[in-house]
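One letter stands for each residue in the lines below.
Number of protein chains: 2
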Amino acid sequence: MPIPAANIVRRLRLLSFVSCLGLAMTLATEIINPSAADAARASMHKLDNGMDVVVIPDHRAPVVTHMAWYRVGAADEQPGVSGIAHFLEHLMFKATENMASGEFSKTIARLGGQHNAFTSQDVTAYFQRIARDRLPTVMKMEAERMTKLRLEEKEVLTERDVIKEERRSRTENNPSSILSEEMNAALYQSHPYGIPIIGWMHEIGELTREDALEFYRRHYAPNNAILVVAGDVTAEEVLKLAKETYGKIPNNPAVKTYKRPLEPPPKAARRVELIDARAGEPILQRYYNAPSYASAKNREAEALDLLLKVAASGSTSKLYRELVVKQKVASSAGGYYTGHGKEYGKIVFYGVPARGKTIEELEAAIDGVISDIIANGVTEAELERAKRVYIADYIYESDSQATLARRYGFGLIVGQTLAQIENWPNEIRKVTLNELKTVAAKYFNPKASVTGHLLPKPRKEATAPKQKDRS
Amino acid sequence: MPIPAANIVRRLRLLSFVSCLGLAMTLATEIINPSAADAARASMHKLDNGMDVVVIPDHRAPVVTHMAWYRVGAADEQPGVSGIAHFLEHLMFKATENMASGEFSKTIARLGGQHNAFTSQDVTAYFQRIARDRLPTVMKMEAERMTKLRLEEKEVLTERDVIKEERRSRTENNPSSILSEEMNAALYQSHPYGIPIIGWMHEIGELTREDALEFYRRHYAPNNAILVVAGDVTAEEVLKLAKETYGKIPNNPAVKTYKRPLEPPPKAARRVELIDARAGEPILQRYYNAPSYASAKNREAEALDLLLKVAASGSTSKLYRELVVKQKVASSAGGYYTGHGKEYGKIVFYGVPARGKTIEELEAAIDGVISDIIANGVTEAELERAKRVYIADYIYESDSQATLARRYGFGLIVGQTLAQIENWPNEIRKVTLNELKTVAAKYFNPKASVTGHLLPKPRKEATAPKQKDRS
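Line order of the protein sequences matches chains A and B.
If you read the first sequence in this note's numbering, its first letter stands for residue 1, the second for the next number, and so on.
If you read the second sequence in this note's numbering, its first letter stands for residue 1, the second for the next number, and so on.
One or more hints might be untrue.
Said to hold, decoys possible - Some but not every residue of chain A turned toward chain B, in silico, with C-beta under 7 Å:
#1 Gly80
#2 Glu182
#3 Ala186
#4 Lys256
#5 Lys259
#6 Pro261
#7 Lys267
#8 Ala268
#9 Leu274
Hints in this document: simulated from the structure, not taken from any laboratory.
Even glycine gets a Cβ: it sits at the ideal position worked out from N, Cα and C.
Chain A with its partners taken away, still in its complex shape (with noise of 0.2 Å):
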């Protein structure tokens, strides 16, 4: 299945120097033969604490991609703390025990390693990628900040500003973010994936060093925690490693995530209309709530990506031809669907009016491109053709290590088993043209659906004198 590419708050840490150390070349293993899709049978253990191990072996170069995932995530804050997961994975690189602040990223720096961070609603991940004879090292570290982390009031408030200024210019100086995050708030009605990853900003000016290391010990532990090593090693070196360093650390068995509460029954459409000046064209979105991989049944979720991928996605959709080709209604338009939530998938469609239509001639024609689909289905041919572009992707992404570790990663986190998520091809190769058309009526379901409109001035239709005018 996909890798989500949104809804992940992300750190970037490219190290500059990463090629005078000779590394620059193995970091580029992903087009050597042969496939990494071959090689990548993973096997999965489980340490005597309760930590659980992956290894995707991947022997086209000396090089491993190290990941630690803790079974926690935004959705896992309590009220009044949103932000507290992207937060602490901020503060996850200060001192330690046995580290001084930015030891971490020095290290893997001085190794030659590139490494990485993220906060989604459901995972929080830490990742690393490095010559395989600096693997030990990096397992020492990784396990050293799961329980031994010493936060400094002093640096808390600093990375607080730190991300605020990351919500500033992500969100509140970005229309679309904000439209996106006002959707997901109407989305939702009562579970968190109405609330922003990164956290409201009245909220994480609140955050304090206290909250940070109450979520820390609640949630990091070897026992919820799945440890993901893909490259050029052996799960019997992997699991000896692991036993040395993440095995040493004691389960906890305080560990808790709360009750997350599910949405009631949709009863009603909802819309969300934002006015900003800085947007420099009028956009519409349209998201519908659905099941995720994890919460689907029935092949629900691969029907739900194969019936968007060719509904929506890219030039040759259904969606992309009617309004931007044919009708010349929209600058631009596509969908996506996007399972890998615990509890609810989403599926999304946004256009841009051309110039000189409106976005209520825009969103019309989308309803006419939905409505169409629900009352014909899709031909066996653009079934055909989607399921091979999927497999196409997936077998050309298992080259990338990285994304392979990340597709076991996030498959593990809400709940797959390993041969869920490698027969995923297989069950893609069985969905029926009748199977979209369930899922098509099913969640192309206006109860469950919010629209956003996001202009650049109030509409003329929207004022009270027009609107007279028109009775």
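We have chain A; now place chain B onto it with these hints.
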């Protein structure tokens, strides 16, 4: 300030045999002079265990109103257990250590009293009205159930079915209730006022005995309660009785209210469209988030009360005269401000389109009246009339012992002082035209609004073909 009638899940337990016991006459004491308002200067006391005691002397008849107010409401529920505050309110009539299940109600009835309980977002309150010489018994029983509730699994499950049925009849079978629920969910993006007091049906169905007891142990204690006694008693008498009953319950230092998340700054107008064939006619509602008496500064809550009185209350209001009488676009129209929440108040407008008029025409007309008020304010004469009406209402309402007790209870719960509660008419008198203009411009803010349409069937304009025709 006006006592909220809506937003409360209430159980009237008017016992039909009250009159048999000769108390019928005393129950009609509201019309007896002298007005209770003159006598009503309450006094406030604190027991050693932290319980507040308020006594409001009212010697017109040998009757008392006894209320136990807990500083906990539906907005204090944790995610996933919506409805637990109200559920517990029901369960409070079951067995305690020294009372059989139902004994509380039976005893009150036998003594010729009435009783009642309700749960709002901010408070849970229990009240009895009874002959003054029965007060010791009532206080003993109410004190008993403050900490000595004994819940049986079977009774809990039966009561849960009662509540599910309550929700079915009040909400699920009532399209306008559903509309309000959906609009609240859209109005509050973060604060728990967005969750219905009675709870989401899917969560009510999962509530357990242990959930109820956990909520009870965390929130029901003398140091989290206010005793309000109004009636034919002196402060000395009440305090003596209170010490002998409530005073014997130990202070519970573990009582703790969770932090309520506040709203992010409003950024985008929201809309909700509910299509329900059971709706007899279309209904339009508009909500604006606004401060409450507890959270407002500079008399803004008083100004909002007066503004909405002039703008939308009754057949002499601007809204009614313009929409129903003059434009004939509405068959009914009105609005009000409700300012009793701890963190937020709400401005509400509503209307029903006249025959032959669309809901869009009605909305445009409402927006026209609102725009006019923002631009031109109201007149001195309108403001003075509104003040007179409010102050008259206040005095008239003060003649009801129950209303009086509720006024103090609601005020104290959200943090007002006795002086603030009793000084309300004076604050109302001070409000200026300019203050009304300020709050109109500030709080008739589309970005902080939700507009709801309840339609018996889908509007034609919203379907794709019609929109295309228009382009």
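Here is how each hint holds up against the structure:
Taking 7 Å as the C-beta cut-off, the interface hint given for A/Gly80 holds, the closest approach to chain B being about 4 Å. About 4 Å separates the beta-carbon of A/Glu182 from the nearest beta-carbon of chain B, less than 7 Å, and the hint is met. About 6 Å separates the beta-carbon of A/Ala186 from the nearest beta-carbon of chain B, less than 7 Å, and the hint is met. Given hint, A/Lys256 at the interface with chain B, is violated; its Cβ is 13 Å from that chain's nearest Cβ, farther than 7 Å.
Restraint check, A/Lys259 versus chain B: the minimum CB separation of about 4 Å is within 7 Å; hint holds. A hinted interface residue such as A/Pro261 counts as satisfied when its beta carbon comes closer than 7 Å to some beta carbon of chain B; here the least separation is about 4 Å, so the hint holds. Interface restraint check for A/Lys267: the shortest CB-CB distance to chain B comes to about 6 Å, inside 7 Å, so the restraint holds. With a cut of 7 Å, the hint placing A/Ala268 at the interface with chain B holds, because the nearest CB-to-CB distance is about 4 Å.
Taking 7 Å as the C-beta contact cut-off toward chain B, the hint placing A/Leu274 at the interface holds, the least distance being around 4 Å.
Checked against the numbered hints given earlier, this structure breaks only hint 4.
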